[in-house]
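Chains as they are written, first to last, in my numbering: chain A, 654 to 1076; chain B, 340 to 653.
Hint data in this document are derived by calculation from the structure and do not stem from the laboratory.
Accuracy of the hints is not assured; some may be wrong.
[Stated by the list, open to error] Subject to a maximum C-alpha distance of 16 Å in a straight line, what follows is the list of computed EDC-like cross-link-like pairs (lysine to aspartate or glutamate):
| no. | chain 1 | residue 1 | chain 2 | residue 2 |
| --- | --- | --- | --- | --- |
| 1 | A | LYS1043 | B | ASP489 |
| 2 | A | LYS1043 | B | ASP422 |
| 3 | A | LYS982 | A | ASP769 |
| 4 | A | LYS922 | B | ASP421 |
| 5 | A | LYS745 | A | ASP731 |
| 6 | A | LYS922 | A | GLU836 |
| 7 | A | LYS690 | A | ASP731 |
| 8 | A | LYS1023 | A | GLU849 |
| 9 | A | LYS998 | A | ASP932 |
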Amino acid sequence: MKQRALWSAVLVAGLMATAGCGSASGPGSSTGGTSGKLVVWDWKSGDAKAAGYLEKAKADFAENHPGVAVEFVAQPFDQYYTLLGTAIQSGKGPDVILFNGGGQIRDRSDALAPLDTYVTEDRQRLAGWDAFTKAGKVYASPVTLQGHPLYYNKDLYQKAGLNPDAPAGTWSDFVKNCGTITEKTGAKCFALGNKEGYGIQFFLSAMGSTTLTAQEYDDWIAGKRNWTSANVKRLFELWKEANDSGLNNDGVNSTAMFNDEFALFQSGKAANVIGLMSDVGHWKDFAEFIAPDKIGVMAAPVVTPSATPSLPYDGGIGYAVAKWTKDPKLAADLVRSLTSTDALKAFYVDGGAITSDTSIDVSAGGPAVKTIVSAVKAGKPALHVALSSKTLDLMGRLSQQLLSGSTTVDEAVRQLAASDTTG
Amino acid sequence: MAQSSPSLTAKTAGVPPAPPRRKRAGSRAERLAPLVLVAPAVLVIVVMRLWPLLLGINFSFTGDGDRDGTAVGFDNYLTLFDDPLFRTALRNVGLLVLLLPVAVAIPGLLATFIYLKVPGHRVYRGVYFFPAVLSPVIVGAIFTLLLAYDGPLNTLLGGVGIGPVDWLGDPDVAIFAVVGVHVWATFGMALVVFLAGFATLDPSLLDAAEVDGASLSQTIRHVIVPGLSRTIQFVLVTTMIGMLTSMFGLLYVMTSGGPEGSTYLPEYYIWTQQGQMNRPALASAASTALFLIMLVVGLAQIGVLRRATGKEDR
């Protein structure tokens, strides 16, 4: 009896001692810091579409640093920033880290090493640096660009008797063309899904450059947003009008953007869609259903006469170097290999991503990708990317209320202004 | 333990130091044994339940973002009750409580029909239970397709001349659509409980009612419902718990909390604030509020259950 109690105690103590071992953030082998080896965290390296890209980047790096091993650790994207937060808190982790541009990297710039001195040669060749810059310092080199071109189905334009190579320049002409298309082919003007409240974000950014004046646009990006401006109000009126006058598909508030909205466009049920440049909902996805030469990209139709259209885009994803890495120069060299022209070209060819390197020849990809790349030089950061996630969440709900008529444009703009100023 | 005391008194005269020490050591081990044996259970409860709960409550009094880690008093709670979205979530909890009788009546009525052996009752018994084995994500995906604006249900309604309804896009309709799907997906379990309750019902009472010439509605009202009162109370409690705690999957798939935030429930609000808005302290405050609500509901349910089962114990 005594013996048994003692044994139970030993057993229980043993169990207690082993419980809680291990780490929730993965095995220790995935952390870097040792010389002669670099560890990269990303959510792309498990993707077959990125295999060729990484192959090229690794080869480029191995040529300059033959003795250094590189390990890519693919993390699940939905937990990526949580895992990264744990690594940052403990002050050790990967040497090179993949980031989304904008808030995700700016919020964590304290844990990163500025790259300015290492990437000076790349500054001209690559685009999209702004999304990875904070307080004048660059924290990552851009790999892809993400933005919101206005795609159109040339087939439907042709069937409606319109010239598919001369899309409308002004909003009123655009709406008139849409009327013709709907009349002749039955297709709606816009494919739109706003179930998650993303539809308004794409609309705001796509129509921003032709509704706001250049000054208003630059002020918006710089954080000096004038919500009482007539043109800002006009953007939200446009959103409501487009729906009220029947330009959108039915049931916008219950249609998911991914991928019901894009499915409507691909199946020819709508003539236009505001899509993406990279990853999903872009020219390469559409080309699986519509012949590549039938997918067009048009400049946003002009709403305010003094405004000029520009492509809204930002740096999509980019590689950064952790502050705690042993040899920042070496890690920065790996970042440079990951953004070398050859590697990025492979990413474009396999994944259809619009990469940060605009010198890559895209002429074989069809007219849509050619138009997008040519518009990158004159492009500007997207309006919605400048807003906080709290304001974006509110804007999503308000946009649904605008469509259902349960709020007014004045009230929506007032609430957004209040949310934007309180941060 | 009892047999050790006489030997102890017998040996105290000789005063050999070793045996008493051994005895004392033995009794100490025996005294400690129960403590050691309950330790795992206590530790699991303290470490896995109470400690996180206290941490969460503690976090709810700290700030987010720039004020991370600093004490902010009741600021988070003020923000919370000032947020129209959280108020909607609480209102929806109230709506669920109001819809509870419907959610209990449906399986009760169907179980009655099966018990009364309507034609094909064997088939219905299996068919009704079937959705209960499906994951909410699958159920949600199926109904998102069925209830889509250009989906089959609206086509069907259009066929009989009723205009299309935006089931998941109209803020006044969406919450009822989601609750309806939840009831459809989970009523099979309550049905089984009801059928088990019927098994304990005395058939002679039903025969007596039949002999006395009672109609179906009279039989249900005066014989079946009183006989099943304990089962009904049990189903009431479990259905309420199910509605408050397991609708996240459906909401996530079917409406994402929308349209216009009309289908938010506290759970979904917590997830959004924590995962999407990066405001863990506010999410902790919302969790604490939800915990208090569940505590009140839970205590009320314990009261109901105790009243229901108390008669049986005595």
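Taking the hints in turn, this is what the structure says about them:
no.	hint	result
1	LYS1043(A) with ASP489(B)	violated, 32 Å
2	LYS1043(A) with ASP422(B)	holds, 12 Å
3	LYS982(A) with ASP769(A)	holds, 11 Å
4	LYS922(A) with ASP421(B)	violated, 43 Å
5	LYS745(A) with ASP731(A)	violated, 21 Å
6	LYS922(A) with GLU836(A)	holds, 13 Å
7	LYS690(A) with ASP731(A)	violated, 27 Å
8	LYS1023(A) with GLU849(A)	violated, 30 Å
9	LYS998(A) with ASP932(A)	holds, 15 Å
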